Amino acid sequence: MPDQTNTDAEAAPAGRCPIIELSGAHKHFGDYHALRGIDLSVGAGEFFSLLGPSGCGKTTLLRTIAGFEALGAGRLVIGGRDMAGVPPNRRPTNMVFQSYAIFPHLDVGQNVGFGLRRSEGSRAQKAVRIGEALEMVGLAGYERRGAQALSGGQRQRVALARALILRPDVLLLDEPLSALDKKLREQMQAELRRLQRQVGITFVLVTHDQEEALIMSDRVAVMFEGRIAQLAGPQELYRHPASRRVAEFIGMMNFLPVIATGDTLEIAGLGRVPRAGLRSAAPDGQGPPEAGIRPEMFSILYPGEQTGRRTAQGTVRETAFYGDMTYYEVILDGTERPVTISMKNMPGRMILSPGTQARIAWDAESVTLFSAAW
Amino acid sequence: MAQADPGSVRRGRALIAAPALYALLLLAGPLGTIVLFSFWSQDFLALDRSPTLGNYAEALREPLYRELMLRSLAIAMAVTVTTVLLAFPVAYFVSFKVAPARKALWLFLITIPFWTSYLVRVFLWKVILGFNGVVNASLLGAGIIDAPLTFILYNPVSVVITLTHAFAPFAILPIYVALERIDHSLIEASRDLGESRASTFRRVTLPLALPGVMAAALIVFIPVIGDYVTPRLVGGPSGLMIANMIQTQFLKLNNAPLGAALAVLAMLIVTAIALVAGLALRRFSGPRG
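First to last, the sequence lines map onto chains S and Z. If you read the first sequence in the UniProt record's numbering, its first letter stands for residue 1, the second for the next number, and so on. If you read the second sequence in the UniProt record's numbering, its first letter stands for residue 1, the second for the next number, and so on.
Source of the hints: derived by calculation from the structure; they are not laboratory data. Predicted model, so just to flag it, every value in this text is computed and none were measured. Treat each hint with caution, since some may be false.
Which stretches of chain S does chain Z cover? Using the computed rule of at least three CB atoms under 8 Å from a CB of chain Z, they are [unchecked claim]: (1) 93-104; (2) 113-124.
Distance condition first, Cα-Cα at most 25 Å in a straight line; then the derived SDA-like pairs of lysine to any residue [as the list claims (entries may be wrong)]: (3) 183(S) to 32(S); (4) 126(S) to 201(Z); (5) 97(Z) to 32(S); (6) 97(Z) to 70(S).
Built from N, CA and C at the ideal position, the CB exists for glycine as well.
Pulled out of the complex, with its shape left as it was, chain Z reads as follows (with noise of 0.2 Å):
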């Protein structure tokens, strides 16, 4: 390797060093605080400094945690599989149909959601899917039911429609940039040897496109399981989320070290997740170079 000029090292320092202040001081700082945090104990309103392991003990063995936990990966799962099946088709048809000179528009219009508020949005559910909301209203005056249904909202089904409706245009565009990449005499080339265009999709439109949409899962995934506003507000008490119970710990409770011993367990099985999907995407991406 070439020995680098120490001048140009020197001025890549100074480039980096405000960002990098930055990101310990707002990111690896609160981060190991939390770390810190869930090996201490809360001694009724004092806090105990000897290290110990007795949060991650109580959280492992604890049920409710433990049920909080898988309910917030299922939901998670969930969101992520209906965002990204509900985003390919936008992205393919923005990519593939839409002429060049009006992919721009349309990349804007798919962002429009995002000019309201997060918080707004999900108000919004709750008024579309409410006791006498837009979806009762019309299916009773069209006569379908008799009665408003009530379990549209204040649950998990109500928690994963509103996150999949706010993530869409996240999971839209990393699989509209995978498939802007591909080639199209590649699409071409595939029917010229005989595949229909279905076929053509499974064995070359959708290879090519997988690490976008893995980066689409990944991007929506992450977010979602840590996720607190849209389970407090639409969820009911069926639809919290292990978020929820963290905010509980470190407000109500007043237990924060119990709350960052959660915390980190939670973000641990997000890591884990994320290099699991990493090593599959790589195996899946078949002989480059």
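Excised from the complex, chain S in its bound form (with noise of 0.2 Å):
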């Protein structure tokens, strides 16, 4: 178990035939190293993302996958095709892009039929099929607007509809969700999910937002510095984060130093717990061992409620309401750096304000070792 790897996570799922099969892939841009050896395939009709901070190469996979850069090392298969040499337009891939790329000296209808005109058909069965699609979306009778009358959701929908109605094996998103505001990119995540069960295409989308990801996602790839980090679905990754990295980027996670090892291990503020059992993260080679737990999996006790938990004691330093939740900072007994505590307010639970004693619940299962030693 310590030494975890990946590799069971990047085969496609059971059931799945794969669409895309990606093999050594490396890419350079001038000196900087872009990719760095990315292996990975994806399922026919999954919902894949690729989840990473600005800059790990995660749009640089994908317009590989696009067929705007070329490899410079490795081999790319869609649909059993390998893709080498083959130009985007050649390629059953279509994208919708992070500025939605929506031509301007078009309306919408003529932006959504834009890649038919190749496709068999006749002009009134094209403009069935556009209505189709506008009607997918949700922009039913949209075809003669302007397109820069648009607002920005609606800008996205026209991206979407156009790249749908040619039906591609898959369809890659760049970021399309981090230019509109937080009430309408959830809604449109739940939109885009169901938009892709609906026409069971393949999804390939590219953030760097971590909720987006876990929300939307069958599998996600974390990427780091070009390399893929950790390739699993939201469960496993948010819960088995394969490295601090990850876990730190994924949600948010309290590490608390571990002072004494061997058999029975000793956590700061947590007290002696026996190593066996304990989970432990792949080592990165980085920090002194550390426990990590989630907020959410520590529980603030009310005075005398009885528990077949771990306790330990501490004390609340900040309070933060949020409505549904509310966010402790709470100093450990024998510790000085406070660890974050999530707990759901419920009818009758008291908010406990700052300088509060309070009594904390938790469980050896939910801590994950990490550690450059192990």
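From these two lone chains plus the hints, build me the complex, please.
This is the structure we're talking about:
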């Protein structure tokens, strides 16, 4: 278990034949090594996300699949066909650009029908297809509108309709929601999911928003510096981060120093716990041994509340009320750095104010060990 | 509409006062004088100030004037078309193929011909195209021809060649600016949607560059139709244009009113063509806003 690797996750999920297969992919821009050996396989009909901070190579990877960048080394196969030397217009992929790339000299109908020029069918049949595509994205009757008069959300829908009307094997989405405001973004996340299930096309989404990746994807590849750090489903990714870096990038995690090692560990502020049965992330060669626990894996007990879980003592330093949740910063006894604890607000549950003493419950199963040595 | 603050209006007027005065004195004044002259008539040495349409009647009736006007239009059209056709690839190259850090250098290089006077450049073409000029000497030396070519100088073709060279930078810059404004993701989107490089150029790049192309065409066409230095120096008798006739009327034939009428007619024709071009562009630019 300590040497947990991603080999299983890199294959396409069971029951799905792979539509995109990438092996040993490298890409240089001058001296800059953008992709450093990417191996992955995306299953047909999968919603796949490339997640990472800016500059991690996720957009380069997407543009490679689309055919806008050629690989320096490695092999890209889409739908069983090697894509080396195949230009973007001959690939079974279509893309929704970050800027949406709506043609300003064409109206909405002409934009959506842009790629139909070479396809079969009469003018009238194409007009019907354009109408259906617009209806699918909730823009029925917008054919004659000027592209310039559309709102951000509408432009995005036009870009989606324009790509989906061609029925590609793979739809590539380059940060499609980053330009939208929060409410609209949440709405579009749900809609994209619905659309993907409806059309059954493989979606590959590039995003820097970990929440978005978790909400929408079947599987997520987390990328740092041109490499895939972890490739897993959203739950696996959140619960079993492969490294400290992934754990820090996905959601929030508290890191507590491990004071004593051996068969029994001592975690600062939490106390002794047997080494056996604790989950370990892959050694990443950096930092001292630490124990990671998500904020929601702690709970603050009522005064006098009985529990079968392990307990610890601390003092509330800061309270942040979020409506449905309350976030506490708690200094555990014997430590200096606060841990973050999130509690769902329930009827009758008191919100603790700063300075209050608190009893905290936790479990050994929710601890992940991070270390250079293990 | 919001009411403007009277103070700011006064300040604004003060700011434009100087250029307005300048434009009035140097542009509107002479233009008005020309229009006024065109309704007067020349009676040997004296100027008859009673209003008449006689000059316009003569300008429209006389075949020589009509021929010169049509020739000017034809030469200006030819220069405009060749200049734009030659300028487009250059502008395209600088905008799409030159590294961003080197673009300024390229634009600078393009303006180098302007470092020498227009007159000197026209004379250079005389040297290049002349009887014993560079072209003839080279062709003779290479044994391609036995006698010097005479049809390359002192005719409308030499006028077109000279003017095309002179106006190239004027055409390159507006096309370059239009190409620079094109979002490259639009070109990628077209490729992604199944179009080849060539059809992407036709369906996306060219329509989006069209305002720049039209601006380039007008910027070349308008001064060229009124040019008189080049036809005078390299045009020969068959390459003369309407501006040469206007100059002759004013200075040699001492018939300023007829010259003025010809000038006003030329201006009206240019204005009409510019208006048509502008309207066509607006239609072509498709749905915006």
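The hints, checked one at a time:
Counting residues of the region 93-104 of chain S whose CB falls under 8 Å from any CB of chain Z gives 9; the rule of at least 3 is met. Counting residues of the region 113-124 of chain S whose beta carbon lies closer than 8 Å to any beta carbon of chain Z gives 4, which meets the minimum of three for the stated coverage. Annotation: proposed proximity of residue 183(S) to residue 32(S) is violated, straight-line Cα distance about 37 Å (limit 25 Å). Among the hinted pairs, residue 126(S) with residue 201(Z) is consistent with the structure: their alpha-carbon atoms are about 23 Å apart, no more than 25 Å.
Under the criterion of a C-alpha separation no larger than 25 Å, the hint pairing residue 97(Z) with residue 32(S) is consistent with the structure, at around 21 Å. With a C-alpha separation of about 18 Å, the suggested pairing of residue 97(Z) with residue 70(S) holds against the 25 Å cut-off.
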